[in-house]
Amino acid sequence: MSELQYWVWLSMRSAVRPEVKNALLQHCDGARTLYFARREDLAGLGVRLRPSEERDLLDKNLDAAGRALEICEREGISLITLRDAGYPARLRLLDSAPSVLYVLGRLPMVDDRPAVAVVGTRRASQYGLKTAKTFGADIARSGCILVSGMTDGVDGAAAEGALEQGGIVIGVTGAAIDSGFGGALSERVARTGAVVGEFAPQDRAMQGFRMRNRITAGLAMATIVVEAPKKSGALLFADETIEQNKEVFVVPGNVDTKSAAGSNALLMDGARPAACAWDVLADFESEYPALHPPGEAAAAPEPEQKGIDKENDPAYIDMEMLKKGLNEPETLIVAALTQGELLLDDLLERTGLASAEAMAELTMLQIMGIVTQTPGKRYALSITPVK
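Residue 244 in the numbering used here sits at position 82 of the sequence shown; the count goes up by one each step and never skips.
Watch out, some of these pointers could steer you wrong.
Claimed, not checked - Lysine-lysine pairs mimicking BS3-like chemistry, simulated, CA-CA at most 27 Å apart:
| # | residue 1 | residue 2 |
| --- | --- | --- |
| 1 | Lys393 | Lys420 |
| 2 | Lys392 | Lys292 |
| 3 | Lys392 | Lys408 |
| 4 | Lys420 | Lys292 |
| 5 | Lys392 | Lys420 |
| 6 | Lys408 | Lys393 |
| 7 | Lys393 | Lys292 |
| 8 | Lys408 | Lys292 |
Since the hints were made in silico from the structure, they are not lab data. Quantities reported herein were computed from a predicted structural model and do not represent experimental measurements.
Kindly generate the complete structure, drawing on both the sequences and the hints.
Below, the structure is given as structure tokens:
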């Protein structure tokens, strides 16, 4: 049985609060241990469970998890568990961090680059939409990642601005990862960046923007509120950002505009004003030297020391270096793919692995950036090791 199947099972325990899942995991080797835990085992972990949480954890049916994994393999959806090295460190700091992140596209190295969220009302004024798009564009031009809820209005306009400048956007969905939330914008985001969420394919659990907000704010280093009325989800997002001990910036709005009444109130409460994206990003310049004002070119990288020609080129990494850290099934897959692209059936024949096991290991290798899925449902190495 694939280890990933237990993580998917855990992610689908919708009655169990995220912070409770994490507290339980602190006392276990991983999701597999939780899956096999009996009632007395759960009681011995010292985590107080609601009756509904205990019932959900004692439901050992893996059918839904198995179907979800099949969809992930078919649709090119990656999984990153809380125990994986590729899990964003900023998000891992939350007590309520999702046990599994489902990813459409390719999640960038979030912790190596600054990232900010731009939020606001769905019913933005023309001023709000124009400002959000300008902020999104300048965030991208400065070398920063934009984190977006991909909703209509301010969020979507900021994402559009970043995408038009060739920037990287991480979209966060509060629905099942295969629900199509965000529509065409979601598809564009996944092509150059990633769409992430905590709900497995076909998971119809109770979902909502508050759960999405904690992930969006968790991936970002700061939040920019462009325009928000008095009763707005953007204000709840600002509250979430503050609870995570991160800075909230606000674009001042016209005092006569109802759509800016809430965001202007945030300014009165002490939020920092932002007239341009660099008012926010300048705070992170010392931590991320590659960050630069949108009108300036990025600083030239330090010249590399001359050494063996192409010694660091991924295409020249030898097989032994590649195999470091891989388990036996992963090594079999990598060895088979050194001969070129393979269909899944051909890969199974060459490796002797069962279909479910191979699918799980292929997902992990894709997360690690070693294997990629090409058109026609073929698999290939992302690098070309010397044989």
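Looking back at the hints listed earlier, which ones does the structure fail to meet?
-> Failing hints: none at all.
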